[in-house]
Every structure is written in C-alpha cells, then in structure tokens.
Amino acid sequence: MIETHRFPALLAAASLVILLHQMADLATLLPVADLATPAGRVGQLFAAQARTPALLVGDLFLIWALLAGRSPGALRVVAGLHLTGGTLLLLLAPWFLIDAGRLAGGSGTDTVAFQIVAGRTLLLLLLIGIGALLAGRVLFSAAREVRSDHS
Amino acid sequence: MITSHTTRRLLGLLYLAAALVLVEQLADLAATLLAKPLAFSQATWRFGVFGLLMTRVSVFLISDVILFAAALGLGHRRVLRSLGVLHLLLALLLLAGLSLFVLDWLQVRNQVPSAATRSLDLSGLRAAGMAALAWALCGWGGLATLRATRVGKSGRRDLSASLLTVSRDETAP
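Top line first, the protein sequences correspond to chains A and B.
Under the numbering used here, think of the first position of the first sequence as 12, with each following residue one higher.
Under the numbering used here, think of the first position of the second sequence as 48, with each following residue one higher.
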C-alpha cells in the first residue's frame, strides 16, 4: 500500500510556500506604492490582481490538505481567515469603484481598456470575497464534523 | 487508489496538465535567458538568473502537486518513486544553487552603488528564502515519497490508499 498519511502535511507545506511566495512578491511592491492617490491605489490593486491565480491555487491546496488532514483546530483557523479576508475584499469593492470612477473619465480606446480592466478587477473582488465567505462557512462546518467524529 | 474509469481518465489528464505548465514555464524561462548572451562567468548574471528562477517557484510547485495528485490517485508507484528521486536531486541542485547564489550576492553587493544595496538585499533575501523553502520541501517530499512507496518483504502490495481521500483515522494502526 502507498502510505499516504504524510501527504496532507506535504500538500499543506507546498500551499504555504506558494502563498508565502505570492505575499513576498506583493510586499516588495508596498514600499514604492503611492496609496495617497486614487491612481496609486488602483495601480496597486491591479498589481495584486495579477497574483490572484497562484493565490487561489495555493488556497485550494491548503483547504484540500486541511480536509485530508482532518485537524479541527487548523480548519477553524483557516475558516476564520477566510471569513475575515472575504469581508475585507467585499468592503474594498466600493472603495475601488469610487477610485476607478475618478480615473475613468474621458473617452477613447485607453479609457475603454481601463474600464474593462477595472470591471474585471471589481468582478474578481466580489467573486473572491463571496467565495472566501462561502469557503469559511464550509470549513467551519467541516471542523465541527471532524470534532464530532473524534469525540 | 481511485477505481472509477472516468475519474481515472480525468486523473490521467492531470499528467498532461502538469506537463503543459512545466513546459510553458521552462520555455518562457529559456526565452528570457536566451534573449541576451549567456554570461556564466559574471556574478551579476548568475545572481539574476537564480533570482529569475525563484520567481517561478509557485508555478513549479503547482505543477508538482498536480503530478503527485495524479500519481497518487492512479496508484502509480513507479511514477511516485521517480518523483521522489527527482525531488532529492532537485534538493541537491537547489542547495548547490543557493550556496553559489549567496556567494554571488556578496560579490554583487560590492559592485552596486550604496543607494541600491537595500533593494538588492531585499531581492536577494526573498530569492534565498524561497530557495531555502523549496529545498526543504523537495528534500522532505523526496524522502516521504520514497518511504511511502517502499515495497515490503511480501513484494508488490496493494496500491489502495489515496491522498484524495486519506484521513488520519484511516491510516492509524
């Protein structure tokens, strides 16, 4: 038999490295970020958005590892993080919309391109925010299930 | 091991997906590196190349996990053992690369103006940190895979467990 009890831990470690890598890349942008102006804030969010696929995959791997590992404590911590992150992302959406609205004035192909990118970012913020809230809820239920199985 | 025919075919496709991600990343890296003349003898070039490689760690890890998931789901012991050996080799290469990178970092640090030192240090620290994490993960993954796929005295045994469904309760003695 292939002994697989070590693999949830390996998967969790791989997902943490992926998440840490993405966070480190985002952190390098912060010292040069101009968060005082709408253009700076929107630019920062666009840069963060480019990291979304890897962050999502890392998060999925982490959830997979936690579900396979069946640790109620870790499941609750990650559920809490998802609920907090999801709420923050949903709160960020109207703020981003106001900033992007200030920059989107005028006409021409550049403005249309900006509107498309801003629309995509807004959609991502909303979808990821809702997804994180749902994931948090599911992870809390999973933690409860695992706890009742153990007891 | 997953027995449903459709699921097994889908899991087989994961090999292809992982291969595609790997080939795309390696081709992209090769294109970036070959755009300028190779300069193995220059510390700045080696420092830059290692840093560039480390920016791809996440994507390599993603394809790695996909490969493991496919091999575990399908119960492919030989593939898992090959992956284990490959990871141990990668761990050795990463260790050698990291050592060389730290030496190059110190050398490059003396060549850049003092105003750029902080930025260089941050980049170096990030790349070295990712390399150290990747090294630990490759070493651990390689050893764990080789141990997990060891065949006992009775010879080839049933490949019945799966990462996709395993729990501690199921594997407890």
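Source of the hints: derived by calculation from the structure; they are not laboratory data.
Just so you know, even glycine gets a beta-carbon here, dropped at the ideal spot from N, CA and C.
A hint or two may mislead.
DEER-style ranges, computed between Cβ atoms [what the hints assert, rightly or not]: (1) B/S161 to A/T48: 28 to 34 Å; (2) A/V123 to B/A78: 47 to 53 Å; (3) B/L80 to A/A50: 51 to 57 Å; (4) B/V159 to A/A104: 37 to 43 Å; (5) A/A44 to B/V149: 34 to 40 Å; (6) B/V159 to A/T63: 47 to 53 Å; (7) B/K83 to A/A50: 46 to 52 Å; (8) B/V198 to A/D45: 30 to 36 Å; (9) A/L67 to B/R125: 29 to 35 Å; (10) A/E156 to B/L63: 43 to 49 Å; (11) B/S161 to A/L41: 19 to 25 Å; (12) A/A104 to B/L139: 44 to 50 Å.
Now for the hints, and whether the structure bears them out:
1. B/S161 to A/T48: 28 to 34 Å: holds, 30 Å
2. A/V123 to B/A78: 47 to 53 Å: Given range 47 to 53 Å: violated, Cβ gap about 31 Å.
3. B/L80 to A/A50: 51 to 57 Å: violated, 34 Å
4. B/V159 to A/A104: 37 to 43 Å: holds, 41 Å
5. A/A44 to B/V149: 34 to 40 Å: violated, 29 Å
6. B/V159 to A/T63: 47 to 53 Å: violated, 33 Å
7. B/K83 to A/A50: 46 to 52 Å: violated, 33 Å
8. B/V198 to A/D45: 30 to 36 Å: violated, 60 Å
9. A/L67 to B/R125: 29 to 35 Å: Hint holds: Cβ distance 32 Å, inside 29 to 35 Å.
10. A/E156 to B/L63: 43 to 49 Å: The hinted range 43 to 49 Å is violated for A/E156 and B/L63, with Cβ atoms some 35 Å apart.
11. B/S161 to A/L41: 19 to 25 Å: 22 Å Cβ-Cβ, so the 19 to 25 Å window holds.
12. A/A104 to B/L139: 44 to 50 Å: holds, 47 Å
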